[in-house]
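K.L.:
In order, the protein sequence lines correspond to chains E and Y. Per the working numbering, the first sequence starts with residue 193, numbered consecutively. Per the working numbering, the second sequence starts with residue 5, numbered consecutively.
Hints listed in this document are in silico derivations from the structure and should not be mistaken for laboratory results. Mixed in with the good hints, there may be bad ones.
These stretches of chain Y come out as covered by chain E in the derived footprint (C-beta under 8 angstroms, 3 or more residues) [unchecked claim]: (1) 378-385; (2) 400-412.
Just the calculated beta-carbon pair ranges, DEER-fashion [to be verified]: (3) E:D255 - Y:L74: 50 to 60 angstroms; (4) Y:L323 - E:R217: 43 to 53 angstroms; (5) E:E631 - Y:V296: 47 to 57 angstroms.
Idealized CB from N, CA, C, for every residue including glycine.
Okay, here's what each chain looks like letter by letter:
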Amino acid sequence: MTDTTYDGPILEIDKLSISFFTRLREIPAVMDFSATIRPGEALGLVGESGCGKSTVALGVMQDLGVNGRIVGGSIKFKGEEMNTMSRERLRDIRGSQIAMIYQEPMASLNPAMKIGKQLAEVPMIHEGLSESDALARALEVVTDVKLPDPARILKSYPHQLSGGQQQRIVIAMALMSKPSLLILDEPTTALDVTVEAAVVELVKDLGKKYGTSMLFISHNLGLVLETCDRICVMYSGEAVERGSIEDVFDEMQHPYTQALFRSIPLPGANKNARPLIAIPGNFPLPHERPTGCNFGPRCDYFEDGLCNENLPIEMYPVHGNDRHQTRCLRFQEIDWNAPIDVGAQTAKPEPGRVVLKMDNLKKYYEVAANALFGGGDKKVVKANETLSFEAREGETLAIVGESGCGKSTFAKVLMGLETATDGQILLDNKAIQDIPIEERDTKTIADVQMVFQNPFDTLNPSMTVGRQIIRALEIFQVGNSDAERRERMLELLDLVKLPRAFADRMPRQLSGGQKQRVGIARAFAGDARIVVADEPVSALDVSVQAAVTDLLMEIQREHKTTLLFISHDLSIVRYLSDRVMVMYLGHVVELGSTDQVFAPPYHPYTEALLSAVPIADTSITKKHIVLEGDIPSAMNPPSGCPFQTRCGWKSQVANGLCEKEVPPVRILSEGHQVKCHLSDRDLADMEPVIQIAAE
Amino acid sequence: MEPLSWTGALGTFLNPAFGIAVICLLASAFIQMVLSFTASPMRMQSNADGTLVKRGGFLGMFEQTTQAALWAVILVILGYIAVGALMPYGQAGIIGAMSKQFFPVWILLTVMFVLSIAFKRHLGLYGKLFDSIVGMIGFGLVMFWVFTAILAGAFDMLATFDPLTQVSGLKNKTPGVTVPDGTVGSIPHYLLGGDNLARDIFSRMIHGSTIVVAIAPLATLFAFMVGITLGLPAGFYGGRLDTILSFLANLILAFPVILLFFLLVTPEIVNSPIPTVMAMVLFIFPLIFFAVLLNSRYHTQPAKRTPILVVVLGVLAWLYLSLISQEGTSVAFLPNWFDLFDINSGILVVFVSVVFVNSPTVYRIVRGLALDLRTRDYVAAAQTRGEGAWYVMLWEILPNARGPLIVDFCLRIGYTTILLGTLGFFGLGLPPESPDWGSTINEGRKLLLIFAHPALPPAIALLSLVLGLNLLADGLREESLKD
């Protein structure tokens, strides 16, 4: 139902202000926000959590809930004011001209309705199409979102599809009525990297094909670089900088944008030579914003008497660039090309002796078909298959892989929550693979500790922070009296750079980054020598990520801890790890030093992973590899090489060997091994995935 | 002495006012309902000071009228109670006299509310309850009966006559009747009349509250202990243990409860050792619960654990032994000077049946919560620290399940209260002359068509207590979700 006669901007937001009203006070969520999206243009909206980017999207949809209210400004859709629109007109526009895609695909699909019916509903309601026409349209759109066997998909229920497929269906639903504006609210955050890359690719292609304008909300600068034409950076409810992608990425004119870029691990950053620079301080709460510039208290260029004057700061145009504006009073005085003030450099520590050795570790689960009576067929899930590696004292070993690759199972076996099916785990030459945690001695338990992924889950919500650390000390038999343990607990808080007053706080009074620090303090309570960090920063905002990562590195240097860093984010892995292990469906497909893994020859899966990770740097060109399909289920793994179903190099191997045999482990060079059938020549011919353009 | 009328001298002013207020309220509410089908909806508007205001012509006006009328009704009712309490005895009729009798309760309620509201920001969830009108009303109703029960049971206040004494000539007399000279009592009237054995209904209602308020929460607490001790491991371990326990729970839930009650109170069973044995099994659960709770927490510091365990378990064991040891039964092993109290075997039966009926439901709730909470990272963190299973269950999972459990506890006291009423109604458990509400309703039922007044007061008392508990649970649920 595209209106062809209109050729002005699709969406014009002018000085929009949105507030939420609570019993105590009004909380301004968005202030003085302006943006324009032209036909076919994609605008990226970037910022940390709580900065108001999702509120803008909901404001455009006029769906702010009972407490939310637009208190000023205007939103024009194709020249028509939306703030004063009648409910009927809004209902007309929503879903047909403006469509929205949310973060959780499962939550946006009705679990009790077949996909085809859900899709067909859209044109039936908005255009009055007959059911058969609508189903035909659905089939067409599902084919467009590149789902295999569209006819079968239309007949299935949402839970029968994988996360990536569900998100494609949500995108298909949004495209059913050929909207002129598509709002995407973090559409890929819940997906794995390789699946994310495929979905992003799809969104880009469809945007071109249908000529749809997009409002793309994300916290990931790299993703915005890959998908959008223009970008708007938000901080604490305000747009602080906006302009074209090239202008903002290469000639940023706001201190917050600059700080943001310095806190993300781009190629070239390195934990020893060029550590990340975290943004000091905390994100202000909406009702505790400072006077003057919101970013003032955290800004390197803060000038007293100017930046904290109680005057509204406008968006100033940057001359010479196309519609490039910044909300900074000093942007003309700041030397934006000044070299980065490199933080304290540290020497790379030499790895010490081997403390942990895995030898042919296997972990199989038996899944019974019938839980009540235990009978029926049993299926074997091979969660870990012949895992062998060594970890040395003071070394960071990154374990990389997507969901279902067996990294969490491996962590469980190492911690003793599960016992191994076969193989050995040697901790200081003592076999511990068969000793469950109840039978391990305190020393062993205290030596191997873990930092968890979700900061909101890692602390017990009904115990004070201090009490939780003291409990760990009690269990590890540190200290002889309560007073001694309390003293040690306060020292641990110092270690993770938290104020001592936090000891008596409840976890809900802490921010995500602070909780994660407490989690780290708890792990180090018994002077752990091996710490398994399971994606410790992936749920944190970028500026906090840098601070927590640096903290981990610092503690590691001091205590010579061996860090097993589980992650799917290759940028951060490159930044902090010494060696990298890539896992896929329970197999180690590649293992080597960071330099070896990040340079050719690669395992084909590593190559695809590297290509999938979005990098927020315009000077980088990437080889484009999009994996087909989804990760196979560990219940039903493919025959032969686990990666053969999605591998782009499969045709290079003769005789269909990949489908028949699991490849052997091959040593390519000192300490670098891959599990692949490709010939030496093919491996040698591989080109690097990431290339930094010559300046 | 003249018999008392309902409102006395107070009625001359307040009765017409009450009538007008009620009529206004009904009319305004009706018009508002009719208008809401046709008039334009109200629009929210934000003010400069950051508040929201509803604006809407006709409909908004009638909404305000309804509210004003409601306040008027409430004020008049408060007038009956407050003025009645202050006027000299007899002037303000039956309502005034009852209000005067409850004077200590009013004082306690006022003190409690003033203190709680003044310090509500420092009192956690209890303080937050005072942010919710519904929660405050519920809490007020519950505390009214709790204070009544305590004052009547422990200090022998409030009640005007002995609940068991019969006064000849007052059989089935209507409320406000004058007692003959020489009757032992604090006032010269039967405020709510006499029942068919010529006892004072008002005093019986007040003494009944003591029985209900003492038994219902305690019995519910035991049901919770049993449900929690079984539900936590079922949810935490899952697997076969869960399957078996859940099956048993389903079996008990499917069993006809009334039949069970009748079985439990047949004289053959009451006189057999079965109730005592069941009580022995049932009441051991709190001991196990606290022993495991404290041991899992302090087992790393034996120097601290042993004294704590000895003291706590010592006290609990003494209570336990006094509870089950009883003269004249097979388990009369404690010497009399050491035996703290004896429990009527009828009440024991009530306890057993309440626990039997309620614990499977509690089990299911706890199991569901444990299933959810065991996937949390802090549970994994405790396990990787090498904590025992019971520490994880009791200190990591249980405290975080407290929100839904507290709400359910309030609701369940309500169910138990009704269950007590049902038991009393069937004449089960408690002795027949007991003034508890269930038995009194049952007695009043027999002559309901001729004399309605003996059955109504205990029924209204039961209703208000259960309503209060339900509102309290609602308020708690509402407030615990906000943060």
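K.L.:
Give a verdict on every hint.
P.N.:
Now the hints, each set against the structure:
With 5 residues having a beta carbon nearer than 8 angstroms to a beta carbon of chain E, the region 378-385 of chain Y meets the requirement of three or more and the stated coverage holds. Restraint check on the region 400-412 of chain Y versus chain E: 4 residues with Cβ-Cβ distances below 8 angstroms, three needed, restraint holds. Judged by the Cβ atoms, the range 50 to 60 angstroms given for D255 (chain E) and L74 (chain Y) is violated: they are separated by roughly 34 angstroms. Under the hint 43 to 53 angstroms, the C-beta atoms of L323 (chain Y) and R217 (chain E), about 51 angstroms apart, fit the expected range.
Look at E631 (chain E) against V296 (chain Y): about 21 angstroms separates their beta carbons, and that is not inside 47 to 57 angstroms.
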